[in-house]
Amino acid sequence: MLDVGVLKALANDKRLAVLEWLADPVAHFPPQRDGDLVTDGVCSVFIADKLGVSAPTASEHLRLLTASGLLRSKRVRQWTFYQRDEARIAEVKRMLQDGW
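Just so we're aligned, residue 1 is where the sequence shown starts under the UniProt record's numbering, counting upward by one.
No lab work stands behind these hints: they were computed from the structure. Heads up, a few of these hints could be off.
[To be verified] Listed next, the in silico PhoX-like pairs over lysine-lysine satisfying Cα-Cα at most 25 Å (straight line): (1) K8 - K74; (2) K74 - K50; (3) K8 - K50; (4) K8 - K93; (5) K74 - K14; (6) K14 - K93; (7) K50 - K14.
Build the full structure now, drawing on both the sequences and the hints.
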(Lines of atoms letter the chains of each structure in order from A; the text may use other names.)
(Lines give C-alpha, C1' and ligand atoms only; values in the text may rest on other atoms or scores of the structure.)
Protein backbone atom coordinates (compact mmCIF):
# COMPACT_ATOMS: atom_id res chain seq x y z
CA MET A 1 0.00 0.00 0.00
CA LEU A 2 1.18 3.51 -0.83
CA ASP A 3 1.36 5.66 2.27
CA VAL A 4 1.81 9.32 3.06
CA GLY A 5 5.48 8.73 3.93
CA VAL A 6 6.24 7.71 0.35
CA LEU A 7 4.43 10.73 -1.04
CA LYS A 8 6.28 13.00 1.39
CA ALA A 9 9.61 11.44 0.41
CA LEU A 10 8.88 11.99 -3.29
CA ALA A 11 7.61 15.55 -2.82
CA ASN A 12 11.05 17.15 -2.73
CA ASP A 13 13.43 17.93 -5.59
CA LYS A 14 16.54 17.09 -3.56
CA ARG A 15 15.20 13.66 -2.58
CA LEU A 16 14.22 12.97 -6.18
CA ALA A 17 17.75 13.93 -7.24
CA VAL A 18 19.22 11.49 -4.71
CA LEU A 19 17.03 8.70 -6.10
CA GLU A 20 18.13 9.58 -9.64
CA TRP A 21 21.85 9.69 -8.73
CA LEU A 22 21.69 6.40 -6.85
CA ALA A 23 20.21 4.69 -9.92
CA ASP A 24 23.72 4.96 -11.41
CA PRO A 25 26.11 5.73 -8.55
CA VAL A 26 29.30 5.16 -10.58
CA ALA A 27 28.27 7.93 -12.99
CA HIS A 28 27.37 10.40 -10.24
CA PHE A 29 29.83 9.85 -7.38
CA PRO A 30 33.61 9.52 -7.03
CA PRO A 31 35.20 6.24 -5.93
CA GLN A 32 35.03 5.66 -2.18
CA ARG A 33 37.83 4.49 0.09
CA ASP A 34 35.46 2.36 2.19
CA GLY A 35 32.61 0.54 0.53
CA ASP A 36 31.85 -0.14 -3.11
CA LEU A 37 29.48 2.31 -4.82
CA VAL A 38 27.38 -0.47 -6.33
CA THR A 39 27.42 -3.27 -3.76
CA ASP A 40 27.51 -1.16 -0.58
CA GLY A 41 25.90 2.07 -1.74
CA VAL A 42 27.04 5.67 -1.54
CA CYS A 43 28.37 7.26 1.64
CA SER A 44 26.12 9.92 3.12
CA VAL A 45 29.05 12.37 3.08
CA PHE A 46 29.23 12.18 -0.73
CA ILE A 47 25.45 12.59 -1.00
CA ALA A 48 25.48 15.67 1.25
CA ASP A 49 28.33 17.16 -0.76
CA LYS A 50 26.58 16.58 -4.10
CA LEU A 51 23.32 18.02 -2.72
CA GLY A 52 25.22 21.08 -1.47
CA VAL A 53 23.69 20.79 2.00
CA SER A 54 24.95 20.18 5.52
CA ALA A 55 25.30 16.65 6.86
CA PRO A 56 22.26 17.02 9.17
CA THR A 57 20.08 18.25 6.27
CA ALA A 58 21.21 15.38 4.04
CA SER A 59 20.62 12.98 6.92
CA GLU A 60 17.00 14.11 7.18
CA HIS A 61 16.45 13.64 3.43
CA LEU A 62 18.04 10.18 3.61
CA ARG A 63 16.01 9.30 6.71
CA LEU A 64 12.74 10.06 4.92
CA LEU A 65 13.76 8.07 1.85
CA THR A 66 14.82 5.13 4.02
CA ALA A 67 11.70 5.26 6.23
CA SER A 68 9.53 5.12 3.11
CA GLY A 69 11.45 2.05 1.91
CA LEU A 70 12.87 3.73 -1.20
CA LEU A 71 16.44 3.45 0.09
CA ARG A 72 18.32 0.87 2.14
CA SER A 73 21.10 1.88 4.50
CA LYS A 74 24.21 -0.08 5.44
CA ARG A 75 26.85 0.70 8.05
CA VAL A 76 30.48 0.29 7.03
CA ARG A 77 32.80 1.26 9.86
CA GLN A 78 31.61 4.67 11.07
CA TRP A 79 29.91 5.56 7.78
CA THR A 80 26.39 4.96 6.51
CA PHE A 81 25.95 4.01 2.87
CA TYR A 82 22.72 4.25 0.88
CA GLN A 83 21.37 2.45 -2.15
CA ARG A 84 18.01 2.25 -3.85
CA ASP A 85 15.55 -0.51 -3.03
CA GLU A 86 14.61 -1.33 -6.60
CA ALA A 87 11.79 -3.71 -5.64
CA ARG A 88 10.11 -1.06 -3.49
CA ILE A 89 10.59 1.61 -6.16
CA ALA A 90 8.98 -0.66 -8.76
CA GLU A 91 6.09 -1.31 -6.35
CA VAL A 92 5.55 2.42 -5.79
CA LYS A 93 5.67 3.09 -9.54
CA ARG A 94 3.01 0.41 -10.11
CA MET A 95 0.77 1.88 -7.42
CA LEU A 96 1.10 5.38 -8.85
CA GLN A 97 0.36 4.15 -12.38
CA ASP A 98 -2.67 2.16 -11.18
CA GLY A 99 -4.02 5.19 -9.35
CA TRP A 100 -3.40 3.40 -6.05
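- Restraint status (C-alpha distance of K74 to K50 at most 25 Å): Given that 25 Å is the threshold and the Cα spacing comes to 19 Å, the pair holds.
- Query: Are the Cα atoms of K8 and K50 separated by 25 Å or less?
  - Reply: Given that 25 Å is the threshold and the Cα spacing comes to 21 Å, the pair holds.
- Given the hinted pair K74 and K14, is their alpha-carbon gap at most 25 Å? OK: K74 and K14 at ~21 Å, within 25 Å.
- Message: Just to be careful, I want the Cα atoms of K14 and K93 compared with a cutoff of 25 Å; is the pair within it?
- Response: holds, 19 Å
- Take a quick look at whether K8 and K74 sit within 25 Å of each other, Cα to Cα. Distance of about 23 Å is within 25 Å: holds.
- Query: Between K50 and K14, is the straight-line Cα distance small enough, at 25 Å or below?
  - Reply: holds, 10 Å
- Task: Decide if the proposed pair is consistent with the structure: K8 and K93, CA atoms, cutoff 25 Å inclusive.
- Result: Holds: K8 and K93 sit about 15 Å apart, inside 25 Å.
This entry satisfies every hint, going by the numbered hints stated previously.
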